[in-house]
Amino acid sequence: MRENAELLEELQETYACHYDLTIMVTDESGEAVTPIKGKNSLCNKLFAQKHENLMGKIKESLNDIRTISSPITHDLIPGIHMIVVPLEIPGGNKAFLWSGVFVEENGRQFVIEKLNQHVNEGVSWECVIDETPVLTSGNKKEWLNLVSKLAKIISLCFDREKASFDFNSFLLQQAVNNKTEGIIEKLVAHHHDHDFLGIAEKVDGEEYRVTHIAGEGAASLRGAPFFLGEGFLGRVLISGKAGYWEDIKRDPRSYFFHRFSLSPGALFCYPIKRYDGSLSLLFGGSLSNGEIPKGSLDLGKALANVLEMKLLTENLQKENSEQLNRLSSLVEICKLMASTPETKRILYILVDISLNLVEGPFSCVVLKDKDDEKAQIVARGDMTDQAKDYVKDVVNRYYRQSSKDTSDDSLPKENVTPWGGTVIECPLFNRGELLGVLCVGVEQLSAQQLKEHITFLHTLGIIGGISLHLAKVENEGTTSGQVETLHKAIGQFDEEAYMTARESGKLASEFALKLGLPAPIIKDIISACQLHFYTGSFLEQFFPDSRVPWIVEEGKMLIGKPLQEWEEANICSQVFAIVFMYERKRSIELFERGEAAIFQDFISFIKETHVMEQEISLSDDLEEPELTSFSDTIKEQANLSPREQEVLNLVIQGLNNREIAEELYISGHTVKNHVTKIFQKLDVPDRAHAISKVYQLKYAHS
Amino acid sequence: MKKELSLQLECTMLFQTNPYMSETITGIGTRLGRKTEDLQSIVESLVQQGILQKSGDEASPLFRYKEPVVTTELDFTKELDRS
Numbered sequence: 001m002r003e004n005a006e007l008l009e010e011l012q013e014t015y016a017c018h019y020d021l022t023i024m025v026t027d028e029s030g031e032a033v034t035p036i037k038g039k040n041s042l043c044n045k046l047f048a049q050k051h052e053n054l055m056g057k058i059k060e061s062l063n064d065i066r067t068i069s070s071p072i073t074h075d076l077i078p079g080i081h082m083i084v085v086p087l088e089i090p091g092g093n094k095a096f097l098w099s100g101v102f103v104e105e106n107g108r109q110f111v112i113e114k115l116n117q118h119v120n121e122g123v124s125w126e127c128v129i130d131e132t133p134v135l136t137s138g139n140k141k142e143w144l145n146l147v148s149k150l151a152k153i154i155s156l157c158f159d160r161e162k163a164s165f166d167f168n169s170f171l172l173q174q175a176v177n178n179k180t181e182g183i184i185e186k187l188v189a190h191h192h193d194h195d196f197l198g199i200a201e202k203v204d205g206e207e208y209r210v211t212h213i214a215g216e217g218a219a220s221l222r223g224a225p226f227f228l229g230e231g232f233l234g235r236v237l238i239s240g241k242a243g244y245w246e247d248i249k250r251d252p253r254s255y256f257f258h259r260f261s262l263s264p265g266a267l268f269c270y271p272i273k274r275y276d277g278s279l280s281l282l283f284g285g286s287l288s289n290g291e292i293p294k295g296s297l298d299l300g301k302a303l304a305n306v307l308e309m310k311l312l313t314e315n316l317q318k319e320n321s322e323q324l325n326r327l328s329s330l331v332e333i334c335k336l337m338a339s340t341p342e343t344k345r346i347l348y349i350l351v352d353i354s355l356n357l358v359e360g361p362f363s364c365v366v367l368k369d370k371d372d373e374k375a376q377i378v379a380r381g382d383m384t385d386q387a388k389d390y391v392k393d394v395v396n397r398y399y400r401q402s403s404k405d406t407s408d409d410s411l412p413k414e415n416v417t418p419w420g421g422t423v424i425e426c427p428l429f430n431r432g433e434l435l436g437v438l439c440v441g442v443e444q445l446s447a448q449q450l451k452e453h454i455t456f457l458h459t460l461g462i463i464g465g466i467s468l469h470l471a472k473v474e475n476e477g478t479t480s481g482q483v484e485t486l487h488k489a490i491g492q493f494d495e496e497a498y499m500t501a502r503e504s505g506k507l508a509s510e511f512a513l514k515l516g517l518p519a520p521i522i523k524d525i526i527s528a529c530q531l532h533f534y535t536g537s538f539l540e541q542f543f544p545d546s547r548v549p550w551i552v553e554e555g556k557m558l559i560g561k562p563l564q565e566w567e568e569a570n571i572c573s574q575v576f577a578i579v580f581m582y583e584r585k586r587s588i589e590l591f592e593r594g595e596a597a598i599f600q601d602f603i604s605f606i607k608e609t610h611v612m613e614q615e616i617s618l619s620d621d622l623e624e625p626e627l628t629s630f631s632d633t634i635k636e637q638a639n640l641s642p643r644e645q646e647v648l649n650l651v652i653q654g655l656n657n658r659e660i661a662e663e664l665y666i667s668g669h670t671v672k673n674h675v676t677k678i679f680q681k682l683d684v685p686d687r688a689h690a691i692s693k694v695y696q697l698k699y700a701h702s
Numbered sequence: 001m002k003k004e005l006s007l008q009l010e011c012t013m014l015f016q017t018n019p020y021m022s023e024t025i026t027g028i029g030t031r032l033g034r035k036t037e038d039l040q041s042i043v044e045s046l047v048q049q050g051i052l053q054k055s056g057d058e059a060s061p062l063f064r065y066k067e068p069v070v071t072t073e074l075d076f077t078k079e080l081d082r083s
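Chains as they are written, first to last, in UniProt numbering: chain A, 1 to 702; chain B, 1 to 83.
These aren't lab readings, by the way, just hints derived from the structure by calculation.
Check each hint, because a few of them may be wrong.
Derived coverage of chain A by chain B (criterion: at least 3 residues anywhere in the stretch with Cβ under 8 Å from a Cβ of chain B; other residues may be distant) [as the list claims (entries may be wrong)]:
hint, stretch
1, 251-264
2, 429-441
3, 566-573
In silico lysine-lysine, DSS-like type, Cα no more than 25 Å apart, as pairs [stated by the list, open to error]:
hint, chain 1, residue 1, chain 2, residue 2
4, A, K344, B, K35
5, B, K66, A, K344
6, A, K318, B, K35
7, A, K335, B, K66
8, A, K556, A, K506
9, A, K585, A, K556
10, A, K388, B, K66
11, B, K54, A, K488
Backbone N, C-alpha and C fix where the C-beta goes; we use that ideal spot for every residue, glycine too.
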C-alpha cells in the first residue's frame, strides 16, 4: 500500500511540474486523499486564501458534479477553472482528480479585477495570472486528454492497491480453507519482507520440531528439533508471548538457525494456542535486513491468529465427528444388545466391543452369582497364567466389598493386574445389583486416550448392566420364577412332599449331569422333580410350551411300569421316574435286575460315595451346545445317514419313538430300526448313552 | 477414538449377529454396503484380536466369528475365606 501511495505522489508531482499545474485527489466530500502536489501559483495562493478559498469552492462544487462520469472543466471561481476527472477506487467508492487552475482566455482581466476586489492581500494578481496556464477553446480538448491520461494511470495505482488488498484477503481465506504449507509458501513469495516462514509443533514432552517451512534456502530447517527455552523460539514457548528481534546475525540465540546454515537479520515469532493447551509457533524472518517493517509483522500476527482459529476449528470439528461416531456406535451397540435376549451373546458383545475399542491384550467379563461361590469368566485375548489370581482379586474387590450402584462405584477404574498390566475395570450394575465386571486390558495409552476409553466403557457398562438384567428376567424370571413359587407352595401344606421334591431335584440334577445331558434338559428335569406333587394337566396351564408337565406325566406313568418297558420312553421321564422310585425306598435294590443301561448307570452313580456338588449356573446357559454345530461332527465320526442324523437330533431333544415318528412322518417301527442302527454305530446301549456320547464328541471336537 | 473404529464395530456386530456365518471380504462388503478395500485392514485387525477366524484358501479366505473363551466355575472360595 505504502509503495503505491509513493508512486501516486510521484506521478502527481511529475505531471504537475511539467504542466505548471497543481494536482490533487479528493473523495466525494472534497477531502484530499493524496497530498496536494504542484506549483501552480494561482492555485496554491487560492488554497491559502481565507476568502474565496479554493478548497471550500471544491467542496461546494462537488454537490453539483458528484455524478459526472467523464472529465470536465469546472469554473470554481468565475474565469478560473479546474479539470475534474472521476476515479473508481477499491471498495466501490468514488474519487476525483483535480488539476488546475486555468484562466479563461477571454476572462483574464475580469479575473484580475475580481481578485483585486475580493482578495486584496498584497498579492500582485496580475503577475500570478500571467504565470497561470490559459484555457482556450482550442487547447481545452488537449488539456482534458492530458488529465484523463493521468487519471487512468492513477486508477492503475489504485487497482494495484486493490490487487494487494485482494491478495491479503485471499491469503487469509487460504489459511482457513487450505493446507498450512501452501499458505506460508504464498506469503513468502508475495511479501519480500519475509525471507522465510515456518511453523513449529510439539513432538513429545519438551521437544518441538519445525513441521512446515517456506523460503529460499530454508528447507534445511524442516524437521529441526529444539527444546523448550532453547534460543528465540524456545523462549516464546516459555513466555507464551510474541517476540520480535532485530540485528540478530551475531546473537548467540540465533545458533539454532546457524546450525541449519541460516543467518537471519531479524526474526519474529508468534505463539499459536492449541486445543489441548500446548503451543505451536509461527516464526519468520529476514535474511537480508536487520529489521522487518511493521506492516509485515502485523501480517504475520494476523496469520498466526487465523492459524490458531483454523486449528481450533479443525480440532473442534474432529472432536465433534468423533463424538458423533461414538454416539452412533453406541446407538448400534444398544440396538444389538436390545435385540439379544441371550446372556451369552450380551457378554460376547461386551468383550468384543471393548477389545475393538481399546485394542489391548485382553478383555473379559467376570461373573459371580450371589448365591454361588464360583466365578465365571468370558474372555478373549491373553490373560497369562495368572488369570485366576486376577479374577479372584476382582471378585474380592467387587463382590465381597458390598459394591453399590453409587456414582463412584459404577465408574470404571484403572487398576494393575498381578502380571503388571494396566486394566480398566467397569462394574456392570442394574439398580444396585452387580451383574458382572468388565475388565479390559490396555497398553501404552496417553492420558487423553485413557480418559476417552473410560468414558466409552462407562456407557457400555451401563448398557451392558441393563441388558444383562433384561436377559436374566426374560430367561429366568418367567418360567423359573413360576417353578420356584409353585415349588415353595408345596411346603405350605405338605412339608414332607416339599422335602422330597427338593431332594429329588438335587439328585436328578446330579444324575443327569453324570449322564452328560445338556443344561436345558437338566433344568427341565429338576423343575419336573420340584413340581412332582402336581399333575401334568395342572402344570400344563402354567407351562403350555414347556416339556416339564409332560415329564411329570410320563415319568409318573413309568414309575408304575415294568422296568423292561422303559426303553422307548424319553430320557427326561426316565430320570424323573428312577429318582422318585429311589426316593421312595432310598434303596437301589429295586433296580438290580433292570436290564436297561440307565439302571446300571444309576446304581453306579448312587454307589459312588463322593458326590460332587455342582451348581447349575449361568455357565450352563453359556455352554449350551448348538445342535446344528455338532451334527456334522457326529455324522462324520459315526458315519450316520442323513435320516439317522435327523432321528438322532430328535432323540437328543428328548423325543420318544412315537413323537419322532410323528415329527418325521414315518412309522414307529421305522424309527425303532433307525434308533437301533444309531445305537450300533455310536456303540451305545441306550438313549441316555447316545445323548451322552454325542455331547462327549461335541466337547472333544470343540 | 480411531477413525475406523465405527467400521470395526459394525463388522464385529455383523459377525455377532450371524455367529455361524462364513464369509469372504467381498461378501462382508456386500452385507455391510462397504468397499472391500476399506474392510481389508479392519478384518485383518479383527483376526489379530482373535474375534474372527480365517480359513479357506489364501486367495479368497473365509472369515467366521470365533466365540470368546468361557471358563466356568472357578472355585476359589476357600482361598478367599482364608485371606
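Worksheet item: Where does the structure disagree with the numbered hints, that is, which hint numbers, in rising order?
Response: 1, 2, 3, 4, 11
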